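Q: Residue numbers (our numbering), protein chains in the order written: chain A, 1 to 295; chain B, 296 to 591.
Since the hints were derived computationally from the structure, they do not count as laboratory data. Quick caveat: nothing in here was measured; it's all calculated off a predicted structure. Keep in mind that the hints are not guaranteed to be accurate.
Chain A is faced by these chain B residues, among others (derived, beta-carbon under 8 Å) [said to hold, decoys possible]: (1) Asp-310; (2) Val-325; (3) Leu-326; (4) Ala-354; (5) Ile-384; (6) Val-398; (7) Thr-403; (8) Tyr-406; (9) Pro-437; (10) Pro-446; (11) Tyr-456; (12) Val-493; (13) Phe-496; (14) Thr-500; (15) Phe-579.
We put the beta carbon where it would ideally sit given N, CA and C, even for glycine.
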Amino acid sequence: MIRTHRWIRNGGISTLVFLIPTLLVFGLFSWWPIARGLVLAFQQTNLIEPAHWVGFGNFRRVLADPLLLTAVRNTAWFALLALVFGYPAPLALAVFLRELRRGRALFSVLAYLPVVLPPVVAILLWRVFYDASDAGLFNTLARGIGLGPFQWLQDAHWAMPSIVLEATWANAGATMIIYLAALSGVRTDLYEAAEIDGASIWRRVVHVTLPQLRTILLITLLLQIIGTFQVFTEPFLFTGGGPANATTTILMLLYNYAFINGDYGEATALSVLLAIFLGLLSLLYFRLTRGWSTT
Amino acid sequence: MSARVEDRGLISAADRRRPLVRWSLGSGQVLILVLLALAGLGPILWLAKAAISQPQDIAANPLGLWSGQPQWHNIETAWSSLRVGPALINTVWVALGNWAVSVLVATTGGYALAILRPKYAKIINGALLATLFIPGVISLVPLYLTVLDVPILGGSLINTYWAIWLPAGASAFNVIITGRFFAQLPPELFEAAKIDGVGNFRMFTSLVLPLSGPIIGVVSLLSIIAAWREYLWPKLVLPDRTKQPLSVMLPSIRDNVQLNLFMAGLLISVVLPIVIFLLFQRYFIRGAGLAGGIKG
């Protein structure tokens, strides 16, 4: 009784009032859905009849779907291409821009412009560039150097690289800015020391710059992989998963399960599997960085 | 001496005097400037040109620098007949709501958890942190089902903007960075206020809020940008065409309209983001670096 009284006098109630927005919003739209997702993965529901337990039935159906392997392969292909196209370029650009004495702001603004465009608008614009007819913008450019015409998005082999090219263009500027910020923290006395020891500019990049950036490099690598494994908008709006399922990703499969077939249980089972995979990646990353930061 | 060391970068003044280095730096600079201008500005300029062209001119000569009379009325037709204008207003409305809910949750939550610090703050902090590490994909379907039939409150939020605004407020990142910012404010301020008998509410409105301009700026920018970029979630919860923001409405009309009018629609939807970026570019670029640093 006395303790409750003191709690109220010390502002216990007003503290709770300040927490209401947080508790309400997170409780209803973050914590509750996560908990419900873990339950839903083991249930079958069509929203009309009450849900019933099916054990690992949803997981068995997901794993038996022949499209799952295709989707995993496509997603991994997307992630790999995105790494090849998009991982080294922003780093090289940032290292170069850091050495500029004038005009760095202009370069940054130009590189960041694609990031500013809403993704949907950028995708719809690039679909026009990828027009497969002779008159398409990219086909006209290709003809200028004696190539093509290409089928771009309509070709099962080239559809995914075409999508990744746009995604790289859209995101590289943001990564570059992160590297540029990290580069301002590189210890310049080490450059001095390396130069006195006769290290060339290239060797200074490899032995001084990159080692100091390794934490941020690992972070962007992991964030990129986690992001690319949840890719949806680009393949959905560029190709709808075609041609012949060549660009169907894991998240598109999940979308089809839930919002085309109305099979929420199966969709949630797939999202739990994907979340476990991504969680393991994060764990791996934390173990790696812990080892690295102590050295 | 030490100033000189701090001044230098990877390439020293002595390096810069060597002809090979000077030549590569200079030509590399020009080459990169041209490439960046092509990649960054090129598509936007092409879009602007296509938006005021005749459809046959876009098809006949996509690389042409200029094609005939500018068709300014394309913009007007796209705005009213294609309903790009109302969709733009919907986007602004979504962004405003996201902004209001995000700022409310981040400031009140950050204040309670970082300054008032009740005994149970640890549990809430842990639960917030946990959501950062659980990939969002796991809650997409259950979140949709939650919005269909909200627990406690009851009813469906489908076709209301609350279905976007409320989940947008549930950003643990925003609450945590705001809390960190509050925790860095000088503690003497709060102790002095407490001794003067200032209550928790007064302390919030007259002490904390006036000092939290920078962090409110960051949260505002993050939440408004997110609203502009979202596609899948608004598509799921706003099936009513008259309520859809640009990102949902534009793909749905793509196949049924003339190319030049569609380009005019795309142009209308990029103007505001580009203008805001150019006005606040310093904050964008610093903010992006900051976000990378915080994640580190």
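Q: Indicate, hint by hint, whether the structure satisfies it.
A: Evaluation of the provided hints:
With 8 Å as the threshold, the beta carbon of Asp-310 (chain B) comes within range of chain A, its nearest partner Cβ sitting at about 6 Å, so the hint holds. For Val-325 (chain B), the suggested interface contact is broken, since its CB lies about 11 Å from the closest CB of chain A, more than 8 Å. Annotation: Leu-326 (chain B) was flagged as interfacial toward chain A, and the flag is violated, the nearest CB pair being 10 Å apart, outside 8 Å. For Ala-354 (chain B), the interface hint holds, the least distance from its beta-carbon to any beta-carbon of chain A being 5 Å, beneath 8 Å.
Violation of the interface hint for Ile-384 (chain B) is found here, the shortest Cβ-Cβ separation to chain A being roughly 15 Å, above the 8 Å cut-off. For the restraint placing Val-398 (chain B) at the interface with chain A, the shortest Cβ-Cβ distance is roughly 10 Å, beyond the 8 Å limit, so the hint is violated. With a cut of 8 Å, the hint placing Thr-403 (chain B) at the interface with chain A holds, because the nearest CB-to-CB distance is about 5 Å. The beta carbon of Tyr-406 (chain B) comes within 6 Å of a beta carbon in chain A, closer than 8 Å, and the hint placing it at the interface holds.
A distance limit of 8 Å between C-beta atoms decides the matter here; for Pro-437 (chain B) the minimum to chain A is near 4 Å, and the interface restraint holds. The interface hint given for Pro-446 (chain B) holds, since its Cβ lies 6 Å from the closest Cβ of chain A, which is under the 8 Å cut-off. Annotation: Tyr-456 (chain B) was flagged as interfacial toward chain A, and the flag is violated, the nearest CB pair being 14 Å apart, outside 8 Å. At its closest, the beta carbon of Val-493 (chain B) sits 11 Å from a beta carbon of chain A; the interface hint therefore is violated under the 8 Å criterion.
Interface hint at Phe-496 (chain B): satisfied, since its Cβ lies 6 Å from the closest Cβ of chain A, which is below the 8 Å cut-off. Given hint, Thr-500 (chain B) at the interface with chain A, is violated; its Cβ is 11 Å from that chain's nearest Cβ, farther than 8 Å. With a least beta-carbon distance of about 7 Å to chain A, the hint placing Phe-579 (chain B) at the interface is held under the 8 Å criterion.
Consistency note: the structure conflicts with the earlier hints numbered 2, 3, 5, 6, 11, 12 and 14.
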